[in-house]
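Participant: Sequence:
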Amino acid sequence: MTVGSEILSKFGRKADDPLIIQKCEDLIGIFNFSVEELFINWESYVLTSASDVNLQLSPENLEKLKDYLQQKLVQAAAQKNNSATPMMKNKIVRPVARGNINGSSPLMGLNTPSTPVSSHKKRKLVTPSSSSATPSKHPPSSSPIKKSVQVSGKIIESLNDHIPSIGGLQNDTDHTPNISTSNVTLTANFDPKKYQFRTMRQKLLDTADVLDEQIDSMAKTLQKHHKIAESDFGNPCIASQFSVYCCGRIVPDSPFAPVELRLNPDSLFLETSRLGGIGQRISIDVQSLAEYSFFPGQIVGFKGKNPSGERFIVEQVLDIPYLGAPVSNKTELLEYKTNLDGSSMKTTVLSGPYTPSTKIDYSLLESFVQKLNTEIKPHSVIMFGPFLDITHPSIRDGSIESVPELQGKKVATLDNFFRAVITPILKKIDSRIQVILIPSTRDSISSHAAYPQNSFERKSLQLPKNFKCFPNPCSFQLNECLIGVSNLDSFKDIKDVNRGKIGDLNRFDRIADHILQQRRYYPCFPGSLKTRKGPDGTVEHICGADLDMPYMGLSELYDVLPDVLIIPSEMRYFVRVVKNVVVINPGYFLTGNNAGTYVTLSVKPPNPEVDDDDLTCINDDDRLYIHNIWKRARVDIINV
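Under full-length UniProt numbering, residue 640 is the last one in the sequence shown; the count climbs by one each step, no gaps.
These aren't lab readings, by the way, just hints derived from the structure by calculation.
Don't be surprised by glycine CBs; every beta carbon is placed ideally from N, CA and C.
Keep in mind that the hints are not guaranteed to be accurate.
[Unchecked claim] Straight-line Cα separation of at most 16 angstroms, EDC-like style, residue types lysine to aspartate or glutamate; simulated pairs:
no., residue 1, residue 2
1, Lys468, Asp430
2, Lys330, Asp614
3, Lys427, Glu405
4, Lys10, Glu25
5, Lys14, Glu60
6, Lys330, Asp620
7, Lys468, Asp191
[Claimed, not checked] Derived CB-CB ranges, DEER-like:
no., residue 1, residue 2, range
8, Asp397, Glu570, 20 to 26 angstroms
9, Ile618, Asp319, 20 to 26 angstroms
10, Lys410, Lys193, 34 to 40 angstroms
11, Phe242, Asp319, 19 to 25 angstroms
Build the full structure now, drawing on both the sequences and the hints.
Facilitator: Okay, here's the thing in structure tokens:
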């Protein structure tokens with residue numbers, strides 16, 4: 001595939017212009033990018049720095065992207081030079097062993113990386129400086145929410161648009177206000193008590209046990225699926241002239257490698273469990289593979305050999321079997337259909353932040369609630385945090401009391417602020433609508449700032465009974481539809497190194513497939529890290545994945561794949577079908593000061609009495625049916 005063809009496959013029809021393709025090729029040459037890296041940087045530029053989130057791809061805008069990238073490189077270099085001098089004054093420089101990384105040390109990978117980082121990896125872009133958005137330079141009155149750049153209510157992307165977008169709540173003159181009644185059955189598929197653990201109490205041994213268990217359990221799955229005898233599984237770190245099977249975790253060539261470092265084919269190591277290889281690491285050679293896609297934390301199965309004792313030559317990557325699909329019996333499906341009077345089930349999905357990045361203002365959320373009640377009228381709403389972002393500038397500098405809704409009143413805590421400002425807005429949602437709240441690790445009202453994350457406390461937030469507070473991540477059912485949700489940005493954090501046809505796939509498809517195959521909502525390890533340098537050169541941890549490793553079992557997909565997988569991401573909104581799972585990134589409700597996007601999900605009622613493709617019967621005796629939500633659901637991504 002030529003570079004021009006790759007550009008068209010990544011950017012779509014909007015790039016079908018010789019001038020645009022030539023400009024993209026120039027940027028690839030200047031910054032030593034791959035086509036995928038250029039696409040990611042374009043999306044990042046549109047979301048973080050451009051004034052219009054619907055910025056069109058054109059030679060002029062690509063020239064602006066070039067200026068933006070060059071400016072970031074200059075800022076990164078200046079910041080590095082300014083911070084290096086004061087830090088070195090009081091720092092004791094210790095000698096570093098620089099032995100051969102491929103030596104026979106039993107702790108492989110504890111030396112320095114053997115593979116040099118390519119020039120464009122060294123020039124990794126930093127997050128746009130927040131100095132231009134500080135309250136001192138831009139007072140709240142000068143930063144209104146911008147809606148002029150997009151048409152509110154316009155459908156910008158759809159799945160199954162041939163299905164009519166109908167359904168939802170019907171006008172009910174007999175309905176009593178503030179009394180919750182719903183004809184959609186909500187079932188939680190988790191044990192809330194398991195999420196009530198205490199954070200910041202990790203023990204190294206507990207973390208090691210979980211990491212080992214991930215490898216050992218996958219090894220058993222591979223043995224069963226491929227019918228491999230246990231004796232055929234061996235230690236890849238031991239020299240052998242014969243091929244063996246092994247299972248381990250993909251890691252970089254040094255445990256001291258920075259989290260943001262992207263792997264390359266020569267820097268891949270395989271980490272074994274204590275049972276499968278005494279926890280050793282071994283360099284892997286993947287040159288003989290026609291195609292692959294690997295990322296840090298991925299559990300893989302290999303067939304290969306280690307003739308020298310220093311490098312494991314991979315001959316085959318073992319396919320990991322996917323989990324099965326959820327099923328329901330005929331009686332249940334008919335009951336769901338009857339409860340909805342044969343109409344479609346309608347769900348709205350939106351993800352925070354719900355306030356602009358320069359001030360606290362929930363006016364857009366308040367107007368959207370009115371739209372929910374009068375126009376959209378869904379049966380249920382899934383709302384992802386953050387509702388009150390702990391990293392918001394107004395919270396950092398303590399200026400939240402200037403919010404008009406407080407009317408000059410003092411608030412002692414951020415919980416009180418939520419009850420005084422946000423709760424009254426949420427209470428306006430029609431009581432017939434079931435509202436599901438999913439927290440974020442950046443939520444200031446959450447006392448559980450780690451992933452997996454416990455749910456909010458509904459009563460303490462003074463929310464009515466039609467609100468349900470669920471943990472992050474979790475799965476639940478709306479009628480027959482099994483929905484898996486996770487509020488941690490897997491699509492941004494998983495950075496894979498790939499080769500062959502798999503690299504030609506849409507990146508979101510590729511990452512979604514990894515999530516389903518790894519059977520974990522967040523399969524990346526270590527997790528992402530976001531930091532900020534202070535004026536004195538000290539590094540401050542702002543946020544990140546914040547993984548609580550001893551409890552990462554709560555982030556697994558359990559026994560079956562979900563019908564719908566929802567993971568909000570900083571990347572561009574999308575809806576895809578991967579392995580018969582509807583994968584949704586609803587986008588953010590607000591991006592900077594711009595109105596963002598939300599999603600409506602309409603599912604046709606199941607009818608097991610009709611022989612069509614909407615349901616798949618897998619057992620004539622018990623009348624069990626696969627839901628086929630990917631065929632029956634219409635998903636619309638809409639401008640707020």
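Participant: Hint by hint, say whether it matches the structure.
Facilitator: Checked hints:
1. Lys468 with Asp430: 14 angstroms, holds
2. Lys330 with Asp614: Distance ~13 angstroms between Lys330 and Asp614 Cα, so the pair holds.
3. Lys427 with Glu405: Holds, because 15 angstroms separates the two Cα atoms, which is no more than 16 angstroms.
4. Lys10 with Glu25: Holds, at roughly 13 angstroms.
5. Lys14 with Glu60: With Cα atoms ~14 angstroms apart, Lys14 and Glu60 stay inside 16 angstroms; holds.
6. Lys330 with Asp620: Holds, at about 10 angstroms.
7. Lys468 with Asp191: OK: Lys468 and Asp191 at ~14 angstroms, within 16 angstroms.
8. Asp397 with Glu570: 20 to 26 angstroms: 24 angstroms, holds
9. Ile618 with Asp319: 20 to 26 angstroms: For Ile618 and Asp319 the Cβ distance comes to about 22 angstroms; the hint holds.
10. Lys410 with Lys193: 34 to 40 angstroms: 36 angstroms, holds
11. Phe242 with Asp319: 19 to 25 angstroms: 22 angstroms, holds
Checked against the numbered hints listed earlier, the structure breaks none of them; every hint is satisfied.
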